[in-house]
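> This is what each chain is made of:
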Amino acid sequence: MKIDMKKFAAWFDDRLALTPIFKYMTKKEVPQHEHSFWYYTGSSILLFFFIQIVTGMMLAFYYKPTLEGATDSIGRIMTELPLGWLVRSIHSWSATFMIAFVMIHLLAIWFTKSYRKPREATWMTGMMLLVVSMVFGFTGYLLPWDDLSLSATKVGTNIPMAIPVVGKWVTQLLRGGDDVTGDTLTRFYMFHVCILPLVIFAILIVHILLVQKEGMSVPLKDEIAKKKVPALPFWPNFVLREVVIWFVLLGVLLTIAVLFAPSLEPTADLMAPAPEGVKPEWYFLFLFQTLKIFPANMGPVTGEFVAVMLILIAVVAIFFLPFLDNKPEGKKGKVFQYFGVAGVIYAIAFSIWSLL
Amino acid sequence: MRKTRISFFLVMASLVLAPLAAAAQQTGAPPKVKDKAQIKGRAFGSPLARGLYSRASTAEVDPLAKPGAPAAVEAAVSAQAAPAQEAKPAPALTRDVNTRLSTAEADPQAKPGAPAAVPPAAKKPAAKKAEVKRTEPIVPAYSGIKEKTAVFVFYVWLWFAIAVMIYFLRLWIKEADRVYWAKYYEPEESPRKDNPLAPVLGD
Amino acid sequence: MRIDNAYFTRRKFLNSILGGWLGAVAASFISPIVKFVWPPYKEPDEVKLVFADYSGMQPGEVKNFAWGAKPGLLKRAQDGSFIAWVGVCTHLDCNVSWIPDKKQFFCACHDGWYDENGTNVAGPPPKPLRRLESSVEGEDLFIRKPGVGAKT
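These protein sequences, in sequence, are chains F, Y and A. For the first sequence, our numbering assigns the number 3 to the initial residue and increments by one for each residue that follows. For the second sequence, our numbering assigns the number 7 to the initial residue and increments by one for each residue that follows. For the third sequence, our numbering assigns the number 13 to the initial residue and increments by one for each residue that follows.
Since the hints were made in silico from the structure, they are not lab data. Predicted model, so just to flag it, every value in this text is computed and none were measured. One or more hints might be untrue.
Calculated pairs, DSS-like style, for lysine-lysine (alpha carbon to alpha carbon, straight line, at most 27 Å) [what the hints assert, rightly or not]: (1) Lys229(F) <-> Lys189(Y); (2) Lys228(F) <-> Lys189(Y); (3) Lys66(F) <-> Lys47(A); (4) Lys30(F) <-> Lys229(F); (5) Lys30(F) <-> Lys24(A); (6) Lys24(A) <-> Lys54(A).
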């Protein structure tokens with residue numbers, strides 16, 4: 003029986019009329035210039051996100067989100083189920099890769115100044131996606147319920163307390179009470195599996211639609227010179243190149259996941275003191291260190307309050323970066339480049355410092 | 007553009023080779039057991055924890071964890087002989103806070119309409135399990151030489167498959183580029199009514 | 013060798029090779045996923061009970077034990093030996109109970125009745141209760157699936 007793709011396609015087209023989408027995919031063009039390989043970062047994030055969804059669903063089949071069952075269920079996944087340790091390892095490492103690529107994507111957009119007009123909204127939705135990804139990582143980190151993740155969560159959910167007026171309520175909302183308990187675990191699971199995916203899907207769809215609507219950006223100097231940059235069609239040329247990158251990244255991810263599978267620390271104990279060497283995941287390390295360097299009391303307020311306020315102001319400033327950097331081609335634009343470099347150095351230096 | 011492409015692939019290659027090199031170095035003498043204070047947490051996963059904790063294999067899984075395991079039933083039935091021992095295990099402080107919130111306490115026989123044939127023994131393994139708190143970390147380890155070989159074979163297969171894929175994809179990319187530069191498919195000029203997906207799927 | 017006009021083009025060849033290889037790789041990734049989500053829990057082959065708990069049973073008395081995640085029924089026959097069944101109705105898997113007054117097993121879901129030998133006598137159950145073998149070895153009472161020998 004010969005499957006006639008043409009008739010198949012025509013049947014769907016009569017009913018769904020998806021042809022405009024396919025026509026758009028062939029019409030969409032991706033500029034080719036010296037910085038065009040940074041275009042691959044966006045779809046790489048999607049690759050890792052997809053891997054997270056698949057491995058997350060597989061883990062959720064056997065994970066028990068209650069205080070008694072959580073760590074034992076993960077122990078069971080790792081020891082009894084076929085390749086369970088690998089699924090968990092892929093989920094854990096893919097989270098790392100996804101957030102790493104989100105940051106690389108952010109830096110690429112920053113340094114190519116792709117956030118300038120008319121792409122401000124894309125930048126802002128992107129910042130929201132960054133925050134949601136990091137919250138994903140934070141909520142997921144508690145779920146094994148071992149002693150390191152319990153301590154990290156206690157510290158992490160304590161930080162909003164420093165915010166005036168609403169801080170206490172935010173902490174209570176996150177923890178399900180005043181303290182971290184079994185309710186916190188179930189609540190974080192709910193965030194991780196239901197609420198955050200819906201939120202991230204909503205923001206992601208807006209982000210991707212905006213990217214399609216505005217088209218791919220070209221480097222600043224080409225735009226100033228009004229040069230016509232050679233372009234490749236998105237389908238099939240650029241997509242095929244993306245697939246190559248995806249396969250290489252998949253291979254790297256699987257290699258690292260097999261070689262460096264995470265272990266499961268002893269069960270969390272709500273009454274025990276924090277274990278030595280407690281620290282959050284790597285993408286929070288620089289924030290962790292920033293909190294640590296402020297002294298306990300600075301005048302009328304605590305050091306923690308000052309640190310949290312500074313971090314919040316920085317995040318808001320980065321969120322509104324397209325509006326701050328409204329003359330990207332001038333000298334002001336160069337200043338923001340230096341800010342970007344300074345930010346990267348600060349983040350890396352503080353992360354390394356917190357490990358020493 | 008060539009410089010960035012070269013540097014890009016250098017970065018990718020180092021991403022691939024670095025963990026392999028690190029792993030190769032680690033198969034030498036196992037690291038000496040360090041003081042726990044020196045362990046820097048989970049930030050970078052198990053390379054720092056290798057060789058420091060006892061390795062758990064599937065043989066060491068707690069039999070109480072498996073439903074229906076003979077040991078579990080034995081413990082359960084012997085507990086059945088003294089039903090008064092339904093009370094919570096001895097007060098390790100840890101459990102006090104937790105047992106209040108525990109959902110394992112719902113007595114199935116307290117529910118109206120529960121079939122009388124549900125053996126009370128089914129509840130006991132839960133109470134017994136609450137006592138066993140794991141204090142040793144579970145480090146993923148191969149359960150035997152067979153699994154280790156299987157993983158190694160998987161490795162080789164994975165990279166071979168990727169290499170073959172990339173080889174074919176490069177051919178396809180060249181073909182697609184050639185088709186594009188030859189302006190073979192211009193969606194505006196040749197609306198294909200018979201096969202709307204022709205620009206995407208080909209003929 | 014060059015063919016001027018061919019139906020089977022270079023494009024088609026590449027497509028099929030790539031598609032085939034993609035399919036093979038996808039299958040090799042999907043099979044571990046499927047293996048992972050396939051349910052791992054199986055019924056046990058044998059269950060070891062403490063004989064002391066059951067040695068005091070009167071003839072005609074029925075007690076429960078745990079057969080994996082299902083209830084098992086243990087009855088002391090008139091001659092002192094044990095009969096064991098899986099205490100699950102053969103109709104739609106509800107747990108059955110022993111009604112001592114009527115000397116029958118009763119399944120509450122759809123009014124199924126089994127007599128004291130486990131044979132289905134009334135209601136929808138199509139087959140008798142599933143029998144298990146029991147043997148007393150020293151201090152232990154072993155309940156096994158029929159055909160499973162003693163594990164040394």
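> Run every hint past the structure and note whether it holds.
Against the structure, the hints come out as follows:
1. Lys229(F) <-> Lys189(Y): holds (22 Å)
2. Lys228(F) <-> Lys189(Y): holds (25 Å)
3. Lys66(F) <-> Lys47(A): Holds - the C-alpha atoms of lysine 47(A) and lysine 66(F) are around 20 Å apart, at most 27 Å.
4. Lys30(F) <-> Lys229(F): holds (18 Å)
5. Lys30(F) <-> Lys24(A): holds (24 Å)
6. Lys24(A) <-> Lys54(A): violated (48 Å)
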